[in-house]
Amino acid sequence: MSSDVKFLPIRKGLLEFLLLKIISADKVYVADILGRLEGTEFATQEGTLYPLLSKMRREDLVDYEWQESGAGPPRKYYRLTAKGRTQLAELNDYWREINRTIQKLER
Amino acid sequence: MNKVTTVNLNGRAYQVEEQAYEALRAYLDEAARLLADDPDCKEIMADLEQAIGDKGSRCLGPGKNVLGETDMKRILAEMGPVETGAEATGAAQAAGTGAASGPKRLYLVKEGEMIAGVCNGLAAYFGVDPTIVRLVFVVLLFLSGGLVAIAYLVLMFVVPTAKTAEERAAARGLPFNAQELVEQAKHHYADLKDSHQRWRDRRRHRKERAFWRSGEKRAYEEPQSRPFERPQPGYGARVAAGFVLPLISVISAVLTVAAIFAGVSLLTAGEILGWSPPMEVPPWAALLGVIAVYALVAAPLRAVRYASYEALGPRRGWFVFWDGVLWLALVILAWWIAAHYLPGVSEFFQDLFHDWR
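Those protein sequences? They're chains A and B, same order as listed. Residues 1 to 107, numbered by our numbering, are exactly what the first sequence covers, in order. Residues 1 to 357, numbered by our numbering, are exactly what the second sequence covers, in order.
One should not assume that every hint holds.
Computed list of lysine-lysine pairs in DSS-like fashion (alpha-carbon distance at most 30 Å, straight line) [claimed, not checked]:
#1 A:Lys27 with B:Lys55
#2 B:Lys110 with A:Lys76
#3 A:Lys12 with B:Lys64
#4 A:Lys76 with B:Lys3
#5 A:Lys6 with B:Lys73
It should be emphasised that the hints constitute simulated quantities derived from the structure, not laboratory data.
Work the whole structure out from these sequences, hints included.
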């Protein structure tokens, strides 16, 4: 993991993309998301995640439902909306394009 | 020995030591400050409290029921600083408006409106000439037996007015949802109450001023009269505009009726006042020709109308309203006369009405 401050905007920008990817696979709650990102370059904390998820919900990309957990209070389980899935597809395409460009430039 | 406080984190009580409490307080205050502009501030704060509480519960066990300072510091470090997505949102919005020139939505457009700008707004929304929308409106008014007028009134109060440049662009460029609809209606109602209040205030103000003026010297009053109003057009120009506007309305109403008459007679009898288009010209092309001629003649009239509106100055609202009503009334009157006294016209509309059903 590079701690170069120059890479920070890249990680920040990609975080939303990764959230869409993680949430698209399954209904997840915040601890699941944090667990998936832990140990990667994108390790994230609640302080960042909650505001971001709430922004994505306002943009109608994700939605949540309350679900009782075995122990403790009910949890918010997030899933993608139709708009979120479209956005993810677009982002996937865009990401491939970027990769292609980078590879082309390396040659 | 440390003092212990009980805190409520999103509905659950936790025992924390005083220093832990201070740290928690500082974290949550900072979070609230950072999220002050976030529309979901309350919800996010509740989520954060819940998350802190969950982490706290995991520290606690049968042998431990108070959270200490070190526990709290660790929990808060795990939580991480609150980051608002402010920059990210800004960028996303900029990208959105740049890419699709903003979503289209329905507004009342007050530039060149007849009554309230509903037809004008619809015309901007669909990207057609306002006159066409007005004609369609009048036709629908007859076919629906006046129901459309109610629709017009509802739209007039419910649709927002395009005030800023962005809104005017958007008027041309999302249909609005039900919640906004209700909000708008409330807003207009509040405006209505507000303007009534202002009107009463103004009347009182005028009375008081008249009272003072009778006693004091005029020169004392003069410099402070209406210091922040736009320069008004000359009195002569306003009087001229006041005469010209109704005249223009009458002319344009006559013109509109003539255009409709020409169109109808073209479609029913295949001729206009004895002149029929050459055989090879299809009826729709001839109709387009009529519309083109109408638009050509109506354009300078419209220019004069707008110039007159300008000349009337800032307090032209009611005048413009009545001018629009006059236009509409004349068109409806002409229509009624035509429908009752010209057999071809009434047959045509009966047919149209029949087909409609």
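What's the verdict on lysine 12 (chain A) and lysine 64 (chain B), does the C-alpha distance respect the 30 Å limit or exceed it? violated (38 Å)
Below or equal to 30 Å on CA atoms is what counts here, so check lysine 27 (chain A) against lysine 55 (chain B). holds (22 Å)
Does lysine 76 (chain A) pair with lysine 3 (chain B) here, judged by a C-alpha cut-off of 30 Å? violated (34 Å)
Is the hinted pair lysine 6 (chain A) and lysine 73 (chain B) satisfied, with a Cα-Cα distance of at most 30 Å? Between lysine 6 (chain A) and lysine 73 (chain B) the Cα gap is close to 29 Å, so the pair holds against 30 Å.
Assess, step by step, whether the Cα of lysine 110 (chain B) is no farther than 30 Å from the Cα of lysine 76 (chain A), and give holds or violated. Distance ~46 Å between lysine 110 (chain B) and lysine 76 (chain A) Cα, so the pair is violated.
In this structure, the hints that do not hold are numbers 2, 3, 4, in rising order.
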